[in-house]
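4 protein chains.
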Amino acid sequence: MTYIYMTLRTGKTVHEKREMVEKESGVALSHIGSFSLDEKIASTRNCENMVGVTQVPLGIAGPLRIFSKTTKQENTYVLPLATTEGALVASVNRGCKVICESGGAQTLIHRVGSTRGPVFKVQSMEENIQLFDFLVHHEDEMKRIAGATSTHLTLLSFDTKSTGLYRFVRFMFDTKDAMGLNMVTIASEAIARYIEEHTSARCVSISGNFCCDKKASHLNFQNNRGFEVWAEVHIPSSIVQSVLHTSPERFVETWLAKCMVGSAMSGSLGYNAQFANVLSALFIATGQDPAHVAECAIGMTTAEIVGNNDLFVSIYLPDLMVGTVGGGTGLATQKEALTLLGVVGGNDGKNAERFAEIIGAAVLAGEISLLASLSEGTLAKAHQTLGRGHIHSI
Amino acid sequence: MTYIYMTLRTGKTVHEKREMVEKESGVALSHIGSFSLDEKIASTRNCENMVGVTQVPLGIAGPLRIFSKTTKQENTYVLPLATTEGALVASVNRGCKVICESGGAQTLIHRVGSTRGPVFKVQSMEENIQLFDFLVHHEDEMKRIAGATSTHLTLLSFDTKSTGLYRFVRFMFDTKDAMGLNMVTIASEAIARYIEEHTSARCVSISGNFCCDKKASHLNFQNNRGFEVWAEVHIPSSIVQSVLHTSPERFVETWLAKCMVGSAMSGSLGYNAQFANVLSALFIATGQDPAHVAECAIGMTTAEIVGNNDLFVSIYLPDLMVGTVGGGTGLATQKEALTLLGVVGGNDGKNAERFAEIIGAAVLAGEISLLASLSEGTLAKAHQTLGRGHIHSI
Amino acid sequence: MTYIYMTLRTGKTVHEKREMVEKESGVALSHIGSFSLDEKIASTRNCENMVGVTQVPLGIAGPLRIFSKTTKQENTYVLPLATTEGALVASVNRGCKVICESGGAQTLIHRVGSTRGPVFKVQSMEENIQLFDFLVHHEDEMKRIAGATSTHLTLLSFDTKSTGLYRFVRFMFDTKDAMGLNMVTIASEAIARYIEEHTSARCVSISGNFCCDKKASHLNFQNNRGFEVWAEVHIPSSIVQSVLHTSPERFVETWLAKCMVGSAMSGSLGYNAQFANVLSALFIATGQDPAHVAECAIGMTTAEIVGNNDLFVSIYLPDLMVGTVGGGTGLATQKEALTLLGVVGGNDGKNAERFAEIIGAAVLAGEISLLASLSEGTLAKAHQTLGRGHIHSI
Amino acid sequence: MTYIYMTLRTGKTVHEKREMVEKESGVALSHIGSFSLDEKIASTRNCENMVGVTQVPLGIAGPLRIFSKTTKQENTYVLPLATTEGALVASVNRGCKVICESGGAQTLIHRVGSTRGPVFKVQSMEENIQLFDFLVHHEDEMKRIAGATSTHLTLLSFDTKSTGLYRFVRFMFDTKDAMGLNMVTIASEAIARYIEEHTSARCVSISGNFCCDKKASHLNFQNNRGFEVWAEVHIPSSIVQSVLHTSPERFVETWLAKCMVGSAMSGSLGYNAQFANVLSALFIATGQDPAHVAECAIGMTTAEIVGNNDLFVSIYLPDLMVGTVGGGTGLATQKEALTLLGVVGGNDGKNAERFAEIIGAAVLAGEISLLASLSEGTLAKAHQTLGRGHIHSI
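Chains as they are written, first to last, in the numbering used here: chain D, 8 to 401; chain U, 8 to 401; chain A, 8 to 401; chain E, 8 to 401.
Treat the hints as calculated values from the structure; they're not laboratory data. For clarity, every value in this text was computed on a predicted model and none was experimentally measured. Keep in mind that the hints are not guaranteed to be accurate.
[What the hints assert, rightly or not] Computed list of chain E residues with no C-beta within reach of chain D, every gap over 12 Å: (1) E26; (2) D181; (3) R257; (4) G314.
[Unchecked claim] Dumping the calculated EDC-like pairs for lysine to aspartate or glutamate here, alpha-carbon to alpha-carbon at most 16 Å: (5) D:K79 x E:E134; (6) D:K342 x U:E29; (7) U:K342 x U:D45; (8) E:K342 x A:E146.
[As the list claims (entries may be wrong)] Stretch-level coverage of chain D by chain U, calculated; a stretch enters the list once three of its residues show a Cβ under 8 Å from a Cβ in chain U: (9) 243-249; (10) 331-341.
Where a beta carbon is used, it is the ideal one built from N, C-alpha and C, also for glycine.
Kindly produce the complete structure, drawing on both the sequences and the hints.
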C-alpha cells in the first residue's frame with residue numbers, strides 16, 4: 008500500500024486525493040465526496056489530507072429563552088444540534104419547552120481564560136526558587152511578550168506549582184471570541200523562550216498537562232478553564248407535572264441518587280446526567296473542537312424543591328472551552344449554525360461570552376429532560392420509539 | 008417565536024423544517040441543506056427535527072500496520088479522521104509512518120461489555136441485604152430476561168455496591184458489534200422490573216451514574232467499560248531521529264514530565280497527550296457517539312527506553328465504547344468510512360473488536376507524534392504553518 | 008552529633024538509649040520515660056531505638072448498642088478513644104446516646120481481605136499476555152504457595168491490570184483476626200518468586216501502589232480493602248429534637264450541602280463529616296496502625312428523612328484495615344482497650360469482624376453528632392467550651 | 008449498662024471514671040491508669056471522659072541534617088517517632104543516615120494557612136451574585152472581624168466557588184505556631200454571622216467540606232492547606248550502593264513503577280511510598296491531630312538520576328496541618344518531643360514553620376529507605392526480622 012502521508016507533500020486536490028484512496032482501497036467514497044463547503048480553505052486550514060466530509064445530521068431544538076445575568080439581557084434562541092443519536096434533540100427540545108414555559112433560564116458566565124501549562128526542569132531547589140521568583144517579578148514583561156504575539160490575546164495571570172525538579176506554570180489568557188488554543192500556544196512558547204533565556208530553567212514541554220487540555224481533571228474543575236458557566240431555572244410544580252410527567256419529589260430523588268450519590272460511588276468528575284451529549288452536539292454543529300468534550304463534560308447539576316413545591320434545577324460548567332472565531336467556526340455549515348445563534352464571528356469577546364451562556368442553558372435543558380425521563384422510567388421507551396421512527400408526543 | 012418543538016409532532020420533511028427555521032430566523036441554511044445522506048432514515052433514527060447536516064472535513068492518515076494479538080492477524084489500514092482542527096491529521100499521519108517503519112504496532116483488546124448501572128432504593132439494611140442475596144441467587148434468571156429482549160445481547164455478569172438505602176448494580180453486556188447502549192438500557196429495564204417484582208426494592212433510575220456513561224470516572228478506569236485496548240510499538244533509535252527529529256531520551260523525559268507528573272499534579276484521569284483528539288476525529292468519521300469521548304479519553308500512555316537505545320511507546324484505553332452497527336454507523340458517509348476500515352456492519356462481534364484495535368493503534372500514533380513534537384518544541388510551529396496553508400514536511 | 012542509628016546495632020536498653028538522647032540533646036525525657044508496658048517486647052517488636060512512650064489521653068464513650076446483621080447478635084459496647092483533641096469524645100458520646108435511645112445501630116461487614124499489589128515488568132505485550140495467562144491458570148498453585156507461608160493466611164483471589172510493559176497484580180488474603188500486612192507481604196513475595204521463576208516477568212516492587220496501602224485511592228473505594236463496613240440507624244424525630252437540638256430537615260440539608268455537594272466541589276474521596284477523627288482515636292487506643300487512617304477515612308455518610316419525619320443516617324466504610332492480633336494490639340494499654348471491647352486476641356477471624364462492626368457504629372455516632380452540631384451552628388461553641396474546661400451538657 | 012456519657016456532667020476524676028468503667032466492664036485498666044501527664048489539664052482540654060492513657064512506643068531516628076531554604080539555616084535534628092509498627096523507625100533512621108552522608112536535605116516551606124470552608128445557601132442566582140459581590144467588597148471588614156476573635160490569627164485571603172443555590176467560601180488564616188483549627192472555626196463563625204447579617208445568604212454549615220478538613224482531596228492537593236513543604240537530596244552513587252544496597256537505576260525504576268504508574272492505576276492521591284507512616288508517627292509523638300493524616304498523606308515523591316549517576320530524591324507535601332502550640336502539644340510527653348526538636352511552644356510562627364520543614368525532611372528519609380528496600384526486594388525480610396526481635400544491620 009502506498010504511503011498516504013506522502014500526499015501531504017504534494018499539491019493534490021481533495022478530489023485527487025479521494026480518488027487515490029478509492030483506487031487503493033477499492034471503496035467508493037461518493038457520499039464523503041458530496042459537500043458544499045470551500046475545500047480550499049478546509050483542506051489547508053482545518054484538515055490535512057482532506058478527501059471530503061462526514062455528514063452529521065443537524066436537528067433544531069428550541070426556542071430557549073435566556074435572561075443573562077452577565078449582560079442583563081433577555082434573548083430567545085434556537086439550538087443547532089449535530090448528532091447521530093436518536094432522542095437527543097427531542098430531549099433537549101423538551102427541556103427548552105419546560106424552560107420557556109417556566110419563564111426562561113437565568114445564566115451567568117465568568118471568563119477564566121484559555122490556558123497553557125508548560126513544564127520546566129531545573130537542577131535544584133535553589134534554581135526552582137529562583138525560577139519562581141523570576142516569574143513573580145516579571146509578570147508585566149511576560150504580559151508584554153504574550154501581547155506581542157497577537158493583538159487578539161492578553162495574558163491575564165498565571166499559577167505555578169512545583170515538585171522536585173519540575174515547575175509547572177499555568178498561563179491564563181483572554182482570547183476574546185476565539186477558543187484560542189493555537190494563539191495561546193504561540194504566546195506561551197514566546198514566554199517560555201524568555202524564561203529560558205533569563206533563568207537556568209529548561210522548558211521540557213510547552214504543554215505539561217497542567218493546562219489541562221482535553222483531559223478531565225480536578226485542576227480544571229476547581230480552578231477552571233475557558234468559561235465558568237452557570238444556568239438555572241425555577242419550574243412551577245404544574246409544569247413539572249404537565250410537561251415532564253413527574254413530580255418535583257421524584258425529580259430531586261433521582262438527581263440525588265444518580266448525580267450525587269451515584270457519581271461519588273463511581274469516582275466520577277461528572278456530577279450530572281448528560282452534559283456530554285448536549286456539548287458534543289453543539290460543538291460539532293458550531294465548529295468547536297469536539298475533543299474538548301473530554302474536559303468540558305465535567306461539572307455539576309443541582310436540583311431541589313423550592314417555594315410551594317416548585318422545582319429548582321441548575322447546572323455548573325467549570326470548564327467550557329468555546330469560541331466563535333477560529334477552528335471550525337468559519338466552515339460553511341458551522342458558520343450558518345453560529346449565525347442562527349446570532350453569535351457568528353468576532354465581537355470583542357462578547358460573542359463567545361454569549362455563546363457560552365447559550366451552551367449553559369442548553370445543557371440545563373438536557374439535564375431537566377433526562378432526569379425527568381429517568382425519574383419516570385421512560386428512558387428506554389423514548390429511545391426505542393424514537394429509534395424506530397415513531398416519534399411520540401413529548 | 009413559534010415553538011419549534013411543535014414540529015416534532017408533525018409530518019414535515021427535512022426541507023420543510025429547514026425552511027421554517029430559515030423563515031423564522033432570517034438566516035439562510037443553504038450549506039446545512041446540502042447533503043447526500045438518506046434524510047428519511049437520518050431524520051427518523053438519528054436526529055429529530057432534522058433540518059440538514061453539519062459538514063465536517065474528513066482527512067486520511069496512514070497506512071497503519073497492526074499485528075493483532077487478539078486475532079493473531081496482521082493488517083494495514085487507512086484512517087478516516089473527521090476534524091476541523093488543523094495539524095491533527097498530519098500528526099496522526101506521522102505517527103502512522105513511524106509505526107509502519109518500525110514494523111507495525113501490536114494491539115490487544117479485552118471485551119468488558121457495555122454497562123448500565125441502575126440505582127435501587129430500599130427501606131433498611133435488612134432489605135438491602137435481601138436485595139443483594141436476590142441478585143446473587145438469580146443471575147441466571149436475569150441473564151434469561153436480558154437475553155429475551157434482544158438476540159444481539161447477552162448479560163455477562165454484574166457488580167453491585169451499596170451505601171445507606173441505595174444499591175447500585177452494574178450490568179455488563181456483550182452486544183456483539185453494537186456499542187449497544189440502547190439495547191442495554193432496554194435489557195436493564197426488563198431486569199429492573201423483574202427485581203422490583205420480586206423484592207422490596209424500587210428502581211429510582213435506570214442509570215444511576217454507575218454505568219458510568221459519558222462521564223470520566225475512576226470506576227471505568229479501574230473496572231473498565233466497553234473494550235479495554237492496548238497498543239504498543241518498539242521504535243528503533245534511528246527512526247526516532249529521522250522521522251521524529253528527537254531522541255528516545257528527550258521523548259521519555261517529555262512523557263514523564265507531562266503524562267505522569269503533570270497529569271498527577273492536575274488531578275487528571277488522562278495520563279496521556281491527546282487521546283481525545285484522535286478519538287473524537289475517529290468517532291465522528293465512523294458514526295460513533297462523540298459524547299463518549301468524555302469517558303473514553305481517560306487512560307495512559309507509557310514510554311521507555313529499551314534495548315539498544317530504542318523507544319518503546321504504549322497506550323492503554325480502559326474504556327472504549329464503540330461499535331460497527333447501530334447509532335450513526337449506518338449513515339452514508341460514516342458507512343463509507345467503516346467500509347474503508349473493513350469493519351462495516353455486523354460480524355458476530357468481530358468487526359467491533361477489530362475496530363477497537365484499530366482505534367488503539369491510531370491513538371498510539373497520535374501519542375507518538377505529539378510527544379515527539381513537544382519534546383522538540385515544535386508544537387506551535389506545526390499549528391502555525393498548518394493553520395496557514397503551508398504544510399511542512401513531516 | 009553521634010549517629011543515633013548506630014544504636015540499632017547495639018544491645019542497649021530503652022533506658023540506656025533514652026539517657027543517650029537526653030545527654031546528647033540536653034533535653035529531659037522524664038515523661039517519655041514513664042510507662043508500664045513491657046519494654047522488651049515493645050522495643051523488639053514494635054519500635055526500634057525505643058526510648059520510652061508517648062502518652063495519649065484515653066477517653067470513654069458509650070454505651071453503643073449494635074445489632075449485627077453479620078452475626079445476628081445484639082451487643083453493647085463502650086468505646087476507648089485515644090485523642091488529644093477536645094470535644095471528640097463528647098461528640099462520639101452524644102452520637103452513642105442518640106443511637107442507644109433510637110434502639111441501636113444496625114451493622115454489616117464484608118471481608119474483602121488484606122491486599123498486596125506487586126508490579127511486574129515484562130519486555131513486550133506478548134510476554135504480558137503470557138504473564139496474564141500464567142496467573143489465570145495457576146491460581147491454585149499460588150494459593151498453595153501463599154498458604155505455606157503462614158497457617159493464618161489464605162489467598163482468596165486476585166485482580167490484575169496492565170499498561171505498557173507493566174502488570175499490576177492485586178492479591179487479596181484472608182488473614183483471620185490480623186490486619187496482616189506483614190504476613191501478606193511475605194506471602195506475596197513467595198508468590199512473586201514463583202511467578203518470576205516460571206515466567207519472563209520481573210517483580211519490580213512487591214508493593215506497586217496497587218495494594219493500595221496507606222493512600223487514599225479510588226481503587227480501594229470501589230474495589231475495597233480489608234473490610235467493607237455499613238452501619239445505620241433510624242432516629243425518631245423526637246430524639247433528633249431532644250438530644251441533637253436540630254430537626255431532620257436541617258440535618259439532611261447540612262449533610263447534602265457538606266458531605267455531597269461540598270465533597271464533590273473539593274474533589275474529595277471523603278463524602279463524610281469526621282470519619283478520620285473517630286478512626287484515628289480508635290486506632291491509637293487499640294493498637295491499630297494509625298497510618299491506615301490515610302486510606303480508611305474515605306467513604307460516605309448518607310442521611311434522609313424517612314417515615315413520619317424520622318431521620319435515617321448511615322455510614323459506609325469501603326476500606327477498613329484492622330485486626331485484633333499483631334501490630335500494636337499486644338501492647339499493654341492497647342490490649343486493655345481491646346479487652347474492654349471484648350475482641351482481644353485471635354478468634355478465627357470473628358474478633359476482627361466484630362471489631363470492624365464496632366468501628367462502623369462508632370463512626371456512625373461521630374457523624375450523627377457532628378452533622379447535628381453543624382446544622383445548628385454549635386461547632387465552634389463546643390470546641391470553645393470543651394477546650395477551656397467547662398464541659399457543657401450534651 | 009449505665010450510660011457513661013452521664014459522667015460528662017459530673018465532677019468525677021480520671022481515677023473515679025476509670026474505676027467506674029472497670030467495675031461495669033469487669034476489665035482491669037491498670038496500664039491505662041499508669042501515666043505521668045497532668046490529668047487535670049488533659050481531661051479538661053484534650054479528652055472528655057478521660058480514664059487514663061494509651062502508651063505508644065516512642066523511638067528515635069536521626070540525626071537528620073537540614074539546610075532550610077526558607078530560613079537559610081542549617082540544623083541537625085533527632086526525630087521522635089511514636090509507633091507500634093516494627094521496622095518504621097529503622098526505615099526512617101536509614102533514610103536519615105543516607106541524607107546525612109549525602110550532605111543533608113534541602114527544605115522549603117510555604118505557609119498557605121489553616122482553612123475553613125463554610126457553605127452558604129441563597130434563593131437564586133441573583134442572590135448568589137450579590138453574595139459574591141459582598142465578599143469581594145468586604146474583604147477588609149472580614150479581616151477585621153476575624154482578627155478581633157484572636158490576636159493569634161490573621162485572615163489572609165479567601166476563595167469562593169458556587170453551584171446552584173450553594174456558595175462555598177474558603178478562608179485562609181495565618182495562625183502563627185498553632186495548627187489553629189479551633190480558632191479558625193471561631194473566626195469563620197464570626198465572619199459567617201457578619202455575612203448573614205448583611206446579605207440574604209444563610210450559612211448552612213461552618214464546614215462545607217470546602218476546608219477540606221481531614222479528608223483526602225484534590226482541592227488541598229492543588230490549592231494546598233496549612234503548609235506546602237518541599238524536601239530534596241542529591242545522593243552520590245556510592246552511598247546508594249553502600250547504604251541502600253541498590254543502584255540509582257533500580258531506585259528510579261521502582262519509583263516510576265510504584266509512585267507514578269501504580270498510583271495512577273489505582274486512582275490514588277498519594278504518589279508516594281509511605282508518607283502516611285512517617286506523618287502518623289511524628290504526629291502522635293508531637294501532639295498533632297493524627298486524624299490529619301487523612302489529608303496530609305497526599306503528595307508526591309520524585310526520583311531521577313542526575314549528574315554522574317547520582318540519585319536525586321524529593322518529596323512534596325501539598326497539605327501539612329501542624330503546629331507547636333495548642334491541641335496535644337502541651338501534654339507532657341508530646342512537649343518533651345517538641346523540645347527535643349527545638350520547636351516547642353510559640354515563636355511568632357517560626358517554630359511551626361521549622362517543624363514543617365523537619366517533617367518534610369523526615370518524610371523524605373522514609374521515602375528513600377522504603378523505595379530502596381522495595382527496589383532490592385528486602386521489604387518482607389526487614390519486617391520479618393525486625394518483627395521477631397533480630398534487628399539486622401541497616
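These are the hints, each one checked on the structure:
Consistency note on E:E26: stated as away from chain D, and its beta-carbon is indeed over 12 Å from all of that chain's, at 45 Å minimum. Separation of E:D181 from chain D is adequate, the least Cβ-Cβ distance of about 19 Å exceeding the 12 Å criterion. Distance check for E:R257 against chain D: the nearest CB is about 19 Å away, which clears 12 Å, and the non-interface claim stands. Residue placement check: E:G314 does not keep its beta carbon more than 12 Å from all beta carbons of chain D (closest about 9 Å).
Using a Cα cut-off of 16 Å, the hinted pair D:K79 and E:E134 holds, with the two alpha carbons roughly 15 Å apart. Restraint check: the Cα-Cα separation between D:K342 and U:E29 comes to about 14 Å, which is no more than 16 Å; the hinted pair holds. For the hint pairing U:K342 with U:D45, the CA-to-CA distance comes to about 12 Å; that is within 16 Å, so the pair holds. At roughly 52 Å between alpha-carbon atoms, E:K342 and A:E146 are farther apart than 16 Å, so this suggested pair is violated.
With 0 residues carrying a beta carbon less than 8 Å from a beta carbon of chain U, the stretch 243-249 of chain D misses the three-residue requirement, and the given coverage is violated. Coverage of the stretch 331-341 of chain D by chain U holds [criterion: at least 3 residues with CB-CB distance below 8 Å; count 6].
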